[in-house]
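*Asks:* Those protein sequence lines, which keep their order, are chains A and B. Its first residue numbered 0, the first sequence is counted upward by one per residue in numbering that gives the first Met the number 0. Its first residue numbered 0, the second sequence is counted upward by one per residue in numbering that gives the first Met the number 0.
Treat the hints as calculated values from the structure; they're not laboratory data. Heads up, some of the hints might be wrong.
Any copy will do: because identical chains look the same in the list, a pair fits if it lies in one copy or spans two.
To be verified - With a cut-off of at most 30 Å between alpha-carbon atoms, the simulated BS3-like pairs for lysine-lysine come out as follows:
no., residue 1, residue 2
1, Lys-45, Lys-64
2, Lys-219, Lys-319
3, Lys-45, Lys-449
4, Lys-449, Lys-219
5, Lys-45, Lys-219
6, Lys-222, Lys-319
7, Lys-222, Lys-144
8, Lys-144, Lys-319
9, Lys-64, Lys-219
10, Lys-222, Lys-64
11, Lys-319, Lys-45
12, Lys-222, Lys-45
13, Lys-449, Lys-319
14, Lys-64, Lys-319
There are 2 protein chains.
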Amino acid sequence: MTYTAPITEQRFVLETIADLPGLAQLQHFEAATADLVDAILEEAGKLSAGVFAPLNRIGDTEAAKLANGVVTLPAGVREAYAAYVEGGWMTLGADPAWGGQGLPFVLATAVQEQLTSANMALSLCPMLSQGAIEALTAHGSEDQKQTYLTKIISGEWTGTMNLTEPQAGTDVGALRTTATPAEDGTWRIKGSKIFITWGEHDVAENIIHLVLARTPGSPKGTKGISLFVVPKFLVNADGSLGARNDLRCVSIEHKLGIHSSPTCTMSYGDNDDCVGYIIGGENAGMRAMFTMMNHARINVGLQGVSIAERAYQHALAYAKERVQVRRIIEFADVRRMLMTMRGLTEAARALTYLNAAAVDRAHAETDERAGREAQALADLLTPVTKAFSTDVGVEVASLGVQIFGGMGFIEETGAAQHYRDARIAPIYEGTNGIQAMDLVGRKLPQGRWKSLFADMRADFALLTGETAGLAPYLEDALAALESATTWLAEGGAAGGADDNAAGATPYLRMFGLTIGGWLLAKQAATAAQRLAAGEGDPAFLNAKIVTARFFAEQFLPQAAALLGPITRGAEALFAIPEEAL
Amino acid sequence: MTYTAPITEQRFVLETIADLPGLAQLQHFEAATADLVDAILEEAGKLSAGVFAPLNRIGDTEAAKLANGVVTLPAGVREAYAAYVEGGWMTLGADPAWGGQGLPFVLATAVQEQLTSANMALSLCPMLSQGAIEALTAHGSEDQKQTYLTKIISGEWTGTMNLTEPQAGTDVGALRTTATPAEDGTWRIKGSKIFITWGEHDVAENIIHLVLARTPGSPKGTKGISLFVVPKFLVNADGSLGARNDLRCVSIEHKLGIHSSPTCTMSYGDNDDCVGYIIGGENAGMRAMFTMMNHARINVGLQGVSIAERAYQHALAYAKERVQVRRIIEFADVRRMLMTMRGLTEAARALTYLNAAAVDRAHAETDERAGREAQALADLLTPVTKAFSTDVGVEVASLGVQIFGGMGFIEETGAAQHYRDARIAPIYEGTNGIQAMDLVGRKLPQGRWKSLFADMRADFALLTGETAGLAPYLEDALAALESATTWLAEGGAAGGADDNAAGATPYLRMFGLTIGGWLLAKQAATAAQRLAAGEGDPAFLNAKIVTARFFAEQFLPQAAALLGPITRGAEALFAIPEEAL
């Protein structure tokens, strides 16, 4: 069950879809030279394959353990995280003003893809730190940045996000944790948080919790929420660690997957002495949280890509060696499963990288309008990246189990772990249903889909020669997507919001498949050009063309056929009274 | 996480789809009076809900354990099986000549559905016994029936199926276990078998293994395979238990799910003294195995129905109580998930019962032609029942996890167990890929689809009033199914067998969805008639009409859109050379 970082594929997508060379032309990212990008992908590939991947199964079987408030990770995890810190990997996309390298988020995304393929549970630790880095970078005070941000960017300390409470999951506004002002300008935090990923562990010397809480007299709901820095150990003026703060991990969850990612129930202020520092002022918590969540949603979408890639590599290796009459890779049905895995994985990767690159462009474009357009694209794509890619992760992992046959159901094989690990991604960071509602309810009204669809259509018109056959499939799918979008943008049928909500999930699927087909076709077109020019690896480039064709032929008709289901409205959904369900 | 047997639904499907009242008119099944059917469903519901269901989670967490060759089940399992035996449940569908009740297989199917919903791992024990019963009934000698069959039918002893060896899974013909004739007319068995469900346990006093092996000089491949009765304890002439036979369980698997179903590696003849008795003569093993497999495939399809039903009930209860702003069942997207679960589950149940009833009709019809037609229908539907329904099981269980949100990923909730348990059913008893190949390669050429499709079309023409709106969806799907069938029956395009194999899996899906839509429409039509006549429970009957509509609107367009993917041929599947995958 080895893992090899798919560097050729990643580089190709970074080039043709994310336009990383174009990003490197922007002053902000001028450090991202082709040589540096290559070196980073290679080195990260070594860390992933050599250090993270071998711990994946051990992490699954031994799991994180809690005893006396201390969470212990399986042997080797601490050393793996230390290797990550030593390589400076946390600094990749972070602000140079605070110790970061200021490289594009999309490059950090490619690195994170590898680490997550190698070991999803362990990769969550830096992923959560990245969320904390973004919130502190955008909303922290100079002092907070000096004290906390630099240490999280270096990787010496890790960060967490504390949103959920038992009664407040999707409904964040229902949270009850309180923050009371102390005389010295700090705050006292009191309350309980659940599902806190890497909330307690022994791999770094301090943990910086970002905690959502309510201040006295704050407005109800999400408007009255503030964000606090709550360190596990208080930090002295000289930066050294001081007293243990009044917070603790009271339990960890027994989960379906990602067993070596400790999912903690945290208790803050049991002794009324949990010190917190407000970030960005009172009642500004949701804004800061959204800063974190948008990146986090892309990163979770990426988990779908990563698990899919790992499951594909694993199943492919088995299909090549397993003999049933002949080697099973020679059977059309097994080949269909492999091509399905491959097509979905590559489509999800391209979408995710496009989305991450749009985030970069939004930050770095010097032309204001271009920056605004990029931000709008990033906003539009984020729910699709998150939901489509994580659904792909589950589907592909399930196909991986199937290729292994009876062996797939045996835990020692490892295919089952992918199937279990993958299942969390459609749930956390906003369920995929929430993403679909976000796409339909918030993102479509912003109108950015119009120029996106125009860009897609323009690309279809350029398909010639070997890739000309893709165009009819793409045009059909896009026509259906436009019809569905118009229907939704006009507020559905009679039922309005409920009708839109009723169609949101299949609409997101249609959106993801159509974008996926487009991005694979773009890659195929580039591949055909390079083949004609005698550039690049012919085997890789030919595979790009075939995969785009398989995807267009197999998945785009399904996408187009979702138009009816999307536009049927909510009536049938509510036609059976609750008690008769 | 309670379970309630869906008796109203089961009775309705038995009546409208399986035509159980019609079966009871046949002399063979005259015992199956309406009163008896009701009593059986009620009593089995009590056993399922009261005895089997409470052990489901304990069985998952404690699992079957092997020590010193003895497999121990978690506390309570032995008592649950004893209650099953005491109720005479194993006798339901068995031959009255050997202690059975001779009731229809479809009624036994409804009972088995309940037991499997309640506790899939435990339900496998009687399911395997049923396979042994069928093989012995059809192919055993009088003496074998007297000695073994009566005891398995009573439930005192259990049965197993021993096909798989490490190198021989899908490729049964590659098996190496040998049987050597002894002087007394018995045989000596030697070899190793893997994945033997309930191969060793402590819930019954004897285990009757049915073992495939090769006799000296037998032809290669599947033509040279014979079937043997190999009891754990030899049986004395007076029926009492004698010496322990030379066979043992050497290990049990650590699996993704069904943890309290011991999956054993069995070793036969370590001391060259494993006694076996041939069934049906030399080289007749595959025929006997097929007897077992056809019923077993329907029973495994049923597992998809059962897990889906359990996951639906579980998620529905949670959706009614869980509050996020408002109770989550009030959100359109949650309602969509519930309706999807409901529609798929009811479609798979109707298909499975139709299939089981066709088996009954094949046995019991006095008119020879009707019996032959019924057998051909059973043969045609079996791969669809097995593969479509088990895919449904996985999909519905996954949606169940999703409805639970973060709690769904926590093992204590139980939703994750359904997701894990469900995953084996698409694999064992012939992978779903094998089923698709069976459908396309063996069943379509038999031609029975022609009259089936004609019957479907005739039913569509009868849809009027409230159900008239279903007809266009059904007609579109059936038209596509006919086109695909014609294409496949004509041997695909240029590629012939490989082209057919390439389209087999989406074809089976299209077949399952279209049949499912038809059977739900039939039920809706009956429901509408009863509502008009003022008969029956209006809430239940209305729900039937709504579910049929939801299914037609949401799933049938997807079925129709598979025509293109099915008929694309194998070229793209093999266009990437293996080393470039």
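*Asks:* Next step is simple, just say for each hint if it's right about the structure.
*Replies:* Hint check:
no. : hint               : result
1   : Lys-45 to Lys-64   : within (28 Å within a copy, 40 Å between copies)
2   : Lys-219 to Lys-319 : between (59 Å within a copy, 25 Å between copies)
3   : Lys-45 to Lys-449  : neither (42 Å within a copy, 58 Å between copies)
4   : Lys-449 to Lys-219 : neither (36 Å within a copy, 65 Å between copies)
5   : Lys-45 to Lys-219  : neither (49 Å within a copy, 48 Å between copies)
6   : Lys-222 to Lys-319 : between (56 Å within a copy, 28 Å between copies)
7   : Lys-222 to Lys-144 : within (25 Å within a copy, 76 Å between copies)
8   : Lys-144 to Lys-319 : neither (51 Å within a copy, 45 Å between copies)
9   : Lys-64 to Lys-219  : neither (37 Å within a copy, 53 Å between copies)
10  : Lys-222 to Lys-64  : neither (37 Å within a copy, 54 Å between copies)
11  : Lys-319 to Lys-45  : within (24 Å within a copy, 49 Å between copies)
12  : Lys-222 to Lys-45  : neither (45 Å within a copy, 51 Å between copies)
13  : Lys-449 to Lys-319 : neither (45 Å within a copy, 39 Å between copies)
14  : Lys-64 to Lys-319  : neither (38 Å within a copy, 34 Å between copies)
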